[in-house]
Amino acid sequence: MIQKTINIQTSHKKFIDGSALSLSRAVRQHIEAINNDEREMPSEDARRSPENDYVRTTIVIDDIHQMFLERTDAKLSHLADDAIGYHVERERKLTELDE
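Take the sequence shown: its position 18, counted from the start at 1, is 18 in the UniProt record's numbering, and no numbers get skipped.
Among these hints, one or two may not hold up.
As the list claims (entries may be wrong) - Think about it this way: if two alpha-carbon atoms lie no more than 25 Å apart in a straight line, the pair counts; the simulated PhoX-like pairs of lysine-lysine are:
{"#": "1", "residue 1": "K13", "residue 2": "K75"}
{"#": "2", "residue 1": "K75", "residue 2": "K4"}
{"#": "3", "residue 1": "K14", "residue 2": "K93"}
{"#": "4", "residue 1": "K4", "residue 2": "K14"}
{"#": "5", "residue 1": "K4", "residue 2": "K93"}
Said to hold, decoys possible - If you anchor each label on the Cβ, the simulated ranges turn out as follows:
{"#": "6", "residue 1": "A33", "residue 2": "D98", "range": "22 to 28 Å"}
{"#": "7", "residue 1": "S22", "residue 2": "P50", "range": "25 to 31 Å"}
{"#": "8", "residue 1": "K14", "residue 2": "T72", "range": "17 to 23 Å"}
{"#": "9", "residue 1": "P50", "residue 2": "E96", "range": "27 to 33 Å"}
{"#": "10", "residue 1": "L97", "residue 2": "R56", "range": "31 to 37 Å"}
{"#": "11", "residue 1": "M67", "residue 2": "E99", "range": "39 to 45 Å"}
By construction, these hints were calculated from the structure, which means they are not laboratory data.
For clarity, every value in this text was computed on a predicted model and none was experimentally measured.
The beta-carbon is built from N, C-alpha and C at its ideal position, and this holds for glycine as well.
Start from the sequences, fold in the hints, and give me the full structure.
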């Protein structure tokens, strides 16, 4: 296991902290889904926005995820934000269905 420091949106950190979701597990699963062509690689332009505040946090990934990052030149912070965004959107849709 490899420990990595990343920057994610503050709102995404609050979402993770208020849920049963593990940030490390969500990011690892997201990388695996992209690697298996189940999800698309996020576009680089969607990452940084001046309206968003970012916070540093730490996650743990496996060697296979590190190899994916090296092979694709993907940014782990970008993938982490995309992974959380996926769960935020899923939660929003579930809430809409309940209403």
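Verification of the supplied hints:
1. K13 to K75: 17 Å, holds
2. K75 to K4: Status holds; Cα separation ~11 Å.
3. K14 to K93: Since the Cα atoms of K14 and K93 sit roughly 19 Å apart, the hinted pair holds (cutoff 25 Å).
4. K4 to K14: 19 Å, holds
5. K4 to K93: Measuring from Cα to Cα gives roughly 31 Å; hence the hint is violated.
6. A33 to D98: 22 to 28 Å: Holds, since A33 and D98 (Cβ atoms, about 25 Å apart) stay within the stated range.
7. S22 to P50: 25 to 31 Å: Cβ of S22 to Cβ of P50: about 29 Å, so the range 25 to 31 Å holds.
8. K14 to T72: 17 to 23 Å: For K14 and T72 the Cβ distance comes to about 28 Å; the hint is violated.
9. P50 to E96: 27 to 33 Å: Hint holds: Cβ distance 29 Å, inside 27 to 33 Å.
10. L97 to R56: 31 to 37 Å: 35 Å, holds
11. M67 to E99: 39 to 45 Å: 43 Å Cβ-Cβ, so the 39 to 45 Å window holds.
The structure shown violates the earlier hints numbered 5 and 8.
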